[in-house]
Every structure is written in structure tokens, then in C-alpha cells.
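Chemist: First to last, the protein sequences are chains A and B. Going from the first sequence to the numbering used here is simple: count from 1 and add 183. Going from the second sequence to the numbering used here is simple: count from 1 and add 22.
Hints in this document: simulated from the structure, not taken from any laboratory. Bear in mind the structure is a predicted one, so any value in this text is a computation, not a measurement. Heads up, the beta-carbon is just placed ideally off N, CA and C, and yes, glycines get one too. Worth double-checking, as some hints may not be accurate.
As the list claims (entries may be wrong) - Partner residues aside, some chain A positions facing chain B, computed with beta carbon under 7 Å:
id : residue
1  : Arg225
2  : Gly226
3  : Leu227
4  : Phe229
5  : Lys232
6  : Thr290
7  : Gly291
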Amino acid sequence: AQSVAQPEDQVNVAEGNPLTVKCTYSVSGNPYLFWYVQYPNRGLQFLLKYITGDNLVKGSYGFEAEFNKSQTSFHLKKPSALVSDSALYFCAVRDMDTGFQKLVFGTGTRLLVSP
Amino acid sequence: GAGVSQSPSNKVTEKGKDVELRCDPISGHTALYWYRQSLGQGLEFLIYFQGNSAPDKSGLPSDRFSAERTGGSVSTLTIQRTQQEDSAVYLCASSPNPAGGYEQYFGPGTRLTVT
Numbered sequence: 184a185q186s187v188a189q190p191e192d193q194v195n196v197a198e199g200n201p202l203t204v205k206c207t208y209s210v211s212g213n214p215y216l217f218w219y220v221q222y223p224n225r226g227l228q229f230l231l232k233y234i235t236g237d238n239l240v241k242g243s244y245g246f247e248a249e250f251n252k253s254q255t256s257f258h259l260k261k262p263s264a265l266v267s268d269s270a271l272y273f274c275a276v277r278d279m280d281t282g283f284q285k286l287v288f289g290t291g292t293r294l295l296v297s298p
Numbered sequence: 023g024a025g026v027s028q029s030p031s032n033k034v035t036e037k038g039k040d041v042e043l044r045c046d047p048i049s050g051h052t053a054l055y056w057y058r059q060s061l062g063q064g065l066e067f068l069i070y071f072q073g074n075s076a077p078d079k080s081g082l083p084s085d086r087f088s089a090e091r092t093g094g095s096v097s098t099l100t101i102q103r104t105q106q107e108d109s110a111v112y113l114c115a116s117s118p119n120p121a122g123g124y125e126q127y128f129g130p131g132t133r134l135t136v137t
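Isolated chain B, as found in the complex (with noise of 0.2 Å):
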């Protein structure tokens, strides 16, 4: 079956400008998740949907950033004025249930490249 897509694959965008990153999540799974991974660097937890819940937003490295979940499936997260340290790859997952102890499924990532 389809796994998680994200769109676009790869973004550059000018310093100060707003982007928005797109993650279709598996059919079916209630949890969403936002991670940016920089160069070098392991995964960085972002923010957490799961089903009607209020999102877990504790990794949001600052109000520039945000993250909706429409209809408990697609999500979109925006970056507003953007900065040169917000290039990264921004990678999505989803998972079925993560309180049964379901491991994550990701999608391929946008590299987002602010200059």
C-alpha cells in the first residue's frame, strides 16, 4: 500500500519568506509527526498529532513555526520568515497507534534550503 508522502521534495526559498511543507500520513493511522533533521545531525521531535487530541507542540523551536492536521489526515507545517538555520529536512511519520508500541512509518522528507 501507499506509505507517507510529503510534498515538495525539495524547496528553496529566500531568507524572511513562508513555506509550506505537506504530509500525506498512511490511510488509517491516528498519529502524526513532525521531525527536522540538519545536517550531521539526528532527528529533532518538532510536534505530535494524535486523533482529536490537543498536538504535543513542545518541539517547535519558536512561534515562526506551526502545524495543522486537517480531518485527522494530511498535515501542513508552516515556517513564516523564514531563517538560514531552518534549512533542514523536515521529515513526517505516521503510525497506527502508538500506545500498542507501533513503530513509525516516514515519508522521504522535504529539504527545505533558505538562503
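Isolated chain A (complex conformation) (with noise of 0.2 Å):
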């Protein structure tokens, strides 16, 4: 079965600093990975998306992710933290398992950045 693994229920970072959110996959096949973005109240947002090609991906509101095969992992990053990025991440893998089209989630990394 396709999964995805968020190891921390939380990152903590100042803000000016770089941030990483970690994801680790496991599928049979080529991936196709997403980070997703939820706020306060609110649904979730499309950040980036890796189907094939360049490694690093960049997305919305600065951030990127880099796609690394040997080590199963698509981390999503940003060169400078904002308070305003602090929200609810997830990563999600395309679950090829079934013949349908829908996504399998992580369990979220919560990114609190501080003034």
C-alpha cells in the first residue's frame, strides 16, 4: 500500500531562519507527491507537486521541495520562516494501489514560527 510518513507532530523555528518539514514515502512505482498547506478554520491549500523531472520543486509562497529517491523522502522547505507560515502541513502520496486517482495523507507537521 502507498503511504506517507510526517515524523514530527511539530516544528519550531524563528522566523528569518530556514525551515524543513519532513516526508518520507512509500509506494510501488514512480511517485507522485504533494505538500499541502491548512490554516486556522480553513481547507486545505495546494503547495507543490513532484510527478517527474527536476528534482527540486518549487511551489507557492516561497516554498520548495526536494524529491530524493534513495532515501524516500520529500521535504518541504523554505529559505526564510514567516509567522504567517505557521500552519498545518501535509504531505500526500497518489494512491496508485486501487486503479482510482485519490491521495494518501500524512498525519500532519504542525510549523509554528516565532517573532
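With the hints as a guide, dock the two chains, each given alone in a separate frame, to form the complex.
Modeler: Quick look at the structure:
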């Protein structure tokens, strides 16, 4: 079965510092990987995705993610964190098993950026 | 353009009552998904509609849960004889063509509280 793991429940970082939110995946075949962000009392917003091509993917709000096949990881990064980046972040992988195209989500990582 | 909309935004119901949650996907999107997000948890897949194909109901937690999609557009998630463990945020998402690796666009969710 396809799955993603987000090993950190929470990440704390000071404003202006670089941030990393970790995600590892387990899939059969080539993965389609996604990052979403959820602000309080809001639905999920798409940040970026990896399907094929360059391992470094750039997305919304200055975020980027690096696909690493050997480490089966897809960590989310940002060079300089903002307080407004504080939110819940979800990694997801496309579920190939059933032939349908639903996403399997990780449990989420809460990012807290302090002023 | 208009995003995914869900109604109601909040619903409080008594245990044992039936509830209906509505989702209006983005116009033209062929795929529609329902997820459940419990407090402190990740997203739990419930059901997936793709065009005129039979829906993938593999995530529905019990036969008290059902969903339909009329005319390939609006969807209704029905929970019969609600239980306290049904309390959660129910998220709807749509996608133009998931086979193409397109991301899902989420609505703001319906917060269901069963008392």
C-alpha cells in the first residue's frame, strides 16, 4: 500500500531562519507527491507537487521541496520562515493500488514560526 | 473563479439524528472526494467519484455513511443515526483529471458536532 510518513508532529523555527518539514514515502512504482497547507479553520491549500523531472520543485509562497529517491523523501523547505507560515502541513502521495487516483495523506506537521 | 464550496460550515446535531453535508465542486472538475479530519488527526479518505464511473466507497467507515453525486456535479454526504465519534471536519475536494496528476482543490469543510 502507498503511504507517507511525517515523523514530526511539530516543528518550531524562528522567523527568518530556514525551515524543513520532513516527509518520507513508501510506494510501488514512481511516486506522485504533494504538499498541502492548512491554516486554522480553513480547507487544505495546494503548495506543490512532484510528478517527474527536476528533483527540486518550487511552489507557492516561496516553498520548495526536494525529491530524493534514494532516501525516499520529499522534504518541504523554505529559506526564510515567516510568522504567517505557521500552519498545519500535510504530505500526500497518489494511491496507485486501486486504480483510482485518490491521495493518501500523512498525519500532518504543525509548523510554529516565532517572531 | 469560484472554488469548492461546502455547506453548512458548522452543524451541531443530536446523537441518532441524520445529517446531510453538501459539496459544490469547481465547475468542470470530473473527480470529487470526501475526507474526514478528526481533531489532531490526518485526513481519512471516505469516498471518491470520477465522472460516470462507480464510486470508490472503500473509505466509508460504516453503512451509516453514504454519498451521491448528482449530474456529475454537486455531492451530498449523508450520515444516518449519527454517533459522537462521527464528530469531525468533513472536507470535500475536486480535481480536473486526477489521471493527469492534477492536484486536488479543497473546500473549507463542514465541522460536524454530535452531542
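Chemist: Are the hints correct? Go through all of them and say.
Modeler: We went through each hint and held it up to the structure:
With a cut of 7 Å, the hint placing Arg225(A) at the interface with chain B holds, because the nearest CB-to-CB distance is about 6 Å. Of the supplied interface hints, the one on Gly226(A) holds, with its beta-carbon coming within about 4 Å of a beta-carbon of chain B, less than 7 Å. A cut of 7 Å between beta carbons decides the hint on Leu227(A): the least distance to chain B is about 4 Å, and the hint holds. At a threshold of 7 Å, the smallest CB-CB gap from Phe229(A) to chain B is about 4 Å, leaving the interface hint in force.
About 6 Å separates the beta-carbon of Lys232(A) from the nearest beta-carbon of chain B, less than 7 Å, and the hint is met. Given hint, Thr290(A) at the interface with chain B, holds; its Cβ is 4 Å from that chain's nearest Cβ, closer than 7 Å. Proximity of Gly291(A) to chain B holds as hinted, the smallest CB-CB distance being about 5 Å (cut-off 7 Å).
The structure shown violates none of the earlier numbered hints.
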